Amino acid sequence: MPATDFLETAQGQKLAYHKTEGDGPTVVFLGGLKSDMEGTKAVHLEAWCRARGQAFLRFDYSGHGESSGTFDEGCIGDWHADTLAAVDDLTTGSLIVVGSSMGGWQALLLARERSDRIAGLVTVAAAPDFTEDGWWASFDDAQKICLESDGYIELPSDYMEPYYVTKRMIMDGRDRLVLRSPLSLPFPVRCLQGTADTAVTTETAVRLIEHATCEDMRLLLVKDADHRFSDGPCLGLIEQAVLDVMEAA
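Residue numbers (UniProt numbering): 1 to 249.
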């Protein structure tokens, strides 16, 4: 296993990353909330790209994995800044961005800032605007009062330990929403979504493709696939989606 490298950002974070040299476009994997670059999808895509001789980058947001910072103090905007730093400092040329769950939201934020560099986008159970439409919309009055008075609440997760949701996370998320204003994606996009996903609904996936402006955007629903989307057949679908956007670019 290659040693982990670290990038020092302008925000004072040390981001852990693994970069594979190769031909372009560079495939960049953006992970989900509280996941890290050692996840099944990230490691699988790295091996797949290395076998193809293709450049690849995976990294940990601040407060995730081996990077500096504390998860409970982070927010969508912090991880957006991390993504921009990683892309700007560690890659050159065109990109194929693969965003999983919260990483799908990060990919869409990246598209707003660096659309000229993105040749194609693949989302896996993308969760745009989840702090508002998933969390805040589901809070009862008691939870909202607790969030205001204590500055945080805890929410259960079907996939890991409970989420520690801060008021800062909610308020910052409102500044990063992508489904309330025009969203131009001037490159091929493939969206993958499992029907057994209990974290992100199929309605969210449909809402995204209906909202975005894109000449070549497709949604594939996979029966009985869950939010992890990381068994053998699902990993194969991610590979195919990456190939598809590269060929269509």
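Simulated from the structure, these hints should not be mistaken for laboratory data. Keep in mind that a hint or two might mislead.
Unchecked claim - Once the Cα atoms are required to be at most 27 Å apart in a straight line, the calculated DSS-like pairs of lysine-lysine come out as:
1) K167 to K144
2) K19 to K34
3) K14 to K223
4) K144 to K34
5) K19 to K223
6) K144 to K14
7) K34 to K14
Stated by the list, open to error - Simulated restraints on C-beta separations:
8) I145 to R180: 21 to 27 Å
9) S149 to H211: 21 to 27 Å
10) Q240 to L155: 31 to 37 Å
11) D88 to A137: 30 to 36 Å
12) S115 to E38: 26 to 32 Å
13) G77 to G22: 15 to 21 Å
14) R174 to S149: 16 to 22 Å
15) I145 to S94: 47 to 53 Å
16) A196 to K144: 16 to 22 Å
17) L183 to D5: 28 to 34 Å
18) G22 to D116: 33 to 39 Å
19) G53 to E210: 36 to 42 Å
20) R174 to D141: 15 to 21 Å
Note that this is a predicted model, so its numbers are computed, not measured. Heads up, the beta-carbon is just placed ideally off N, CA and C, and yes, glycines get one too.
So, going through the hints one by one against the coordinates:
1. Straight-line distance between C-alpha atoms of K167 and K144 comes to about 9 Å, which keeps the hinted pair within the 27 Å bound.
2. For the hint pairing K19 with K34, the CA-to-CA distance comes to about 21 Å; that is within 27 Å, so the pair holds.
3. For the hint linking K14 to K223, the alpha-carbon distance of about 39 Å lies beyond 27 Å, and the restraint is violated.
4. For the proposed pair K144 and K34, the alpha carbon gap of about 23 Å is at most 27 Å, so the pair holds.
5. The suggested pairing of K19 with K223 is violated, with an alpha-carbon distance near 33 Å, which exceeds 27 Å.
6. Distance restraint check for K144 and K14: the Cα-Cα separation of roughly 33 Å exceeds the 27 Å cut-off, and the hinted pair is therefore not satisfied.
7. Of the supplied pair hints, the one linking K34 and K14 holds, its CA atoms being roughly 17 Å apart against a limit of 27 Å.
8. Under the hint 21 to 27 Å, the C-beta atoms of I145 and R180, about 26 Å apart, fit the expected range.
9. Remark: the range hint 21 to 27 Å for S149 to H211 is contradicted by a beta-carbon distance near 34 Å.
10. The given range of 31 to 37 Å is respected by Q240 and L155, whose C-beta atoms sit roughly 34 Å from each other.
11. Separation of D88 from A137 is about 34 Å and conforms to the stated range, judged on CB atoms against 30 to 36 Å.
12. Between S115 and E38, the C-beta spacing of about 29 Å keeps the proposed range 26 to 32 Å intact.
13. At about 31 Å, the beta-carbon gap between G77 and G22 misses the expected band of 15 to 21 Å.
14. For the pair R174 and S149, the beta carbons lie near 19 Å from each other, so the given range of 16 to 22 Å is met.
15. In this structure, I145 and S94 meet the distance hint of 47 to 53 Å, their C-beta atoms being roughly 48 Å apart.
16. Checked against the hint of 16 to 22 Å, the pair A196 and K144 fails, with Cβ atoms roughly 30 Å apart.
17. In this structure the hint that L183 and D5 lie 28 to 34 Å apart at CB holds, the actual value being about 33 Å.
18. About 22 Å separates the C-beta atoms of G22 and D116, a value inconsistent with the hinted range of 33 to 39 Å.
19. As the Cβ distance of G53 to E210 is approximately 37 Å, the hint placing it in 36 to 42 Å holds.
20. Roughly 19 Å separates the CB atoms of R174 and D141, a value that falls within the hinted 15 to 21 Å.
When held up to the earlier numbered hints, the structure conflicts with 3, 5, 6, 9, 13, 16, 18 and fits the remainder.
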